[in-house]
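Keeping the supplied structure of chain W fixed, place chain F upon it in accordance with the hints.
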Amino acid sequence: MTKEELKQLKPDKVVDARGTACPGPLLAVKQAIADVPEGGIMEILSSDEGTKRDVPRWAKKKGYEYLGDFEESGYFTIYLKK
Amino acid sequence: MAKKMTLALFSGSVDKLTAAGVILGGAAAEDMDVEIFVLLQAAFAFKKENAMTNDRVAEITDKKDEFLASLKRLEAPHWTEAFRKAKEMTNVKIHICGFAGKVWGGEKLDDFIDLADDIVGIGEYVDAAENSDINLFI
Chain W
1 MTKEELKQLK PDKVVDARGT ACPGPLLAVK QAIADVPEGG IMEILSSDEG TKRDVPRWAK
61 KKGYEYLGDF EESGYFTIYL KK
Chain F
1 MAKKMTLALF SGSVDKLTAA GVILGGAAAE DMDVEIFVLL QAAFAFKKEN AMTNDRVAEI
61 TDKKDEFLAS LKRLEAPHWT EAFRKAKEMT NVKIHICGFA GKVWGGEKLD DFIDLADDIV
121 GIGEYVDAAE NSDINLFI
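Order-wise, the sequence lines are chains W and F. Residues in the first sequence are numbered from 1 upward in steps of one, following the numbering used here. Residues in the second sequence are numbered from 1 upward in steps of one, following the numbering used here.
Since the hints were made in silico from the structure, they are not lab data. It should be emphasised that the depicted structure is a prediction, and the values quoted were computed from it without experimental measurement. Honestly, I wouldn't trust all of these hints.
Simulated crosslink set (BS3-like; lysine-lysine; CA at most 27 Å straight-line) [said to hold, decoys possible]:
no.: 1; chain 1: F; residue 1: K47; chain 2: F; residue 2: K64
no.: 2; chain 1: W; residue 1: K52; chain 2: F; residue 2: K85
no.: 3; chain 1: W; residue 1: K13; chain 2: F; residue 2: K93
no.: 4; chain 1: F; residue 1: K93; chain 2: F; residue 2: K4
no.: 5; chain 1: W; residue 1: K62; chain 2: F; residue 2: K48
no.: 6; chain 1: F; residue 1: K47; chain 2: F; residue 2: K85
no.: 7; chain 1: F; residue 1: K3; chain 2: W; residue 2: K60
no.: 8; chain 1: F; residue 1: K64; chain 2: W; residue 2: K13
no.: 9; chain 1: F; residue 1: K87; chain 2: W; residue 2: K60
no.: 10; chain 1: F; residue 1: K4; chain 2: F; residue 2: K87
no.: 11; chain 1: F; residue 1: K87; chain 2: F; residue 2: K63
no.: 12; chain 1: F; residue 1: K87; chain 2: W; residue 2: K82
no.: 13; chain 1: F; residue 1: K87; chain 2: F; residue 2: K48
Coverage of chain F stretches by chain W, computed from C-beta distances (three or more under 8 Å per stretch; other residues unrestricted) [stated by the list, open to error]:
no.: 14; stretch: 18-30
no.: 15; stretch: 66-79
Glycine included, every Cβ here is placed at the ideal spot set by N, Cα and C.
Bound conformation, chain W alone (with noise of 0.2 Å):
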């Protein structure tokens, strides 16, 4: 999906993981993921680079689908499909 796309959703779980280092965003989304509901959108927040190639990898393992991501305004914003 292309930048502007992913801004047009409307997640169901935002996860704020700005600020914290590796691994903790990835730990934050895997415990906010029961939060969302099937087939829901899930919006991740991070400043830690390697969370998105870290998300769509975990994403793909647990069977999620990654629809994304772009950085902006210093952190990059990810979003998840449930």
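Same frame as chain W, but now just chain F:
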């Protein structure tokens, strides 16, 4: 079936324990079963009176102050906190090597921080390592 990781934790230094905590976080994200065997110098770090005050580093020791300051700046959790979080999120068992405990005057489980589950002999490590997908020595 969950993948298994065994970790032979020899180091009692904050840098290596922090690295172990990061790896444990990765294992927790993957729902791995983890067995940690606390050997020799690591048993020192697991003693109740040492866990929070021990600030020894194993590598690049001339940059210790810079390293510890960076951990603080990055808000990296203390290694005990990282281990605790991993235990909350996946199946992590922490075994103190009986010999290692005695080296540092730790005879009973109560001599160690509450992250430790039991005191064992080395045979348990060998059995666990034989059956693990990943085996690390730190």
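Verification of the supplied hints:
Note on K47 of chain F and K64 of chain F: the hinted pairing holds, with a Cα-Cα distance of about 22 Å set against a maximum of 27 Å. Straight-line distance between C-alpha atoms of K52 of chain W and K85 of chain F comes to about 22 Å, which keeps the hinted pair within the 27 Å bound. Restraint check: the Cα-Cα separation between K13 of chain W and K93 of chain F comes to about 32 Å, which exceeds 27 Å; the hinted pair is violated. At roughly 11 Å between alpha-carbon atoms, K93 of chain F and K4 of chain F fall within 27 Å of each other, so this suggested pair holds.
For the given pair, K62 of chain W sits about 37 Å from K48 of chain F by alpha-carbon distance, which is inconsistent with the 27 Å threshold. A hinted pair counts as satisfied when its Cα atoms are at most 27 Å apart, and K47 of chain F with K85 of chain F qualifies at roughly 19 Å. The straight-line distance between the Cα atoms of K3 of chain F and K60 of chain W is roughly 16 Å, inside the 27 Å bound, and the hint therefore holds. This hinted pair does not check out: K64 of chain F and K13 of chain W have alpha carbons roughly 40 Å apart, beyond 27 Å.
At roughly 24 Å between alpha-carbon atoms, K87 of chain F and K60 of chain W fall within 27 Å of each other, so this suggested pair holds. Between K4 of chain F and K87 of chain F, the direct Cα distance comes to roughly 14 Å. Compliance with the 27 Å bound is thereby established for this hinted pair. Proximity of K87 of chain F to K63 of chain F is assessed by CA-CA distance (about 31 Å); at most 27 Å being required, the pair is judged violated. Distance hint between K87 of chain F and K82 of chain W is fulfilled; the C-alpha atoms sit about 25 Å from each other, no more than 27 Å.
For a cut-off of 27 Å, the pair hint linking K87 of chain F to K48 of chain F stands: about 18 Å separates their Cα positions. Counting residues of the stretch 18-30 of chain F whose CB falls under 8 Å from any CB of chain W gives 6; the rule of at least 3 is met. Residues of the stretch 66-79 of chain F lying with their CB closer than 8 Å to a CB of chain W number 4, which satisfies the three-residue condition for coverage.
This entry does not satisfy hints 3, 5, 8, 11, going by the numbered hints stated previously.
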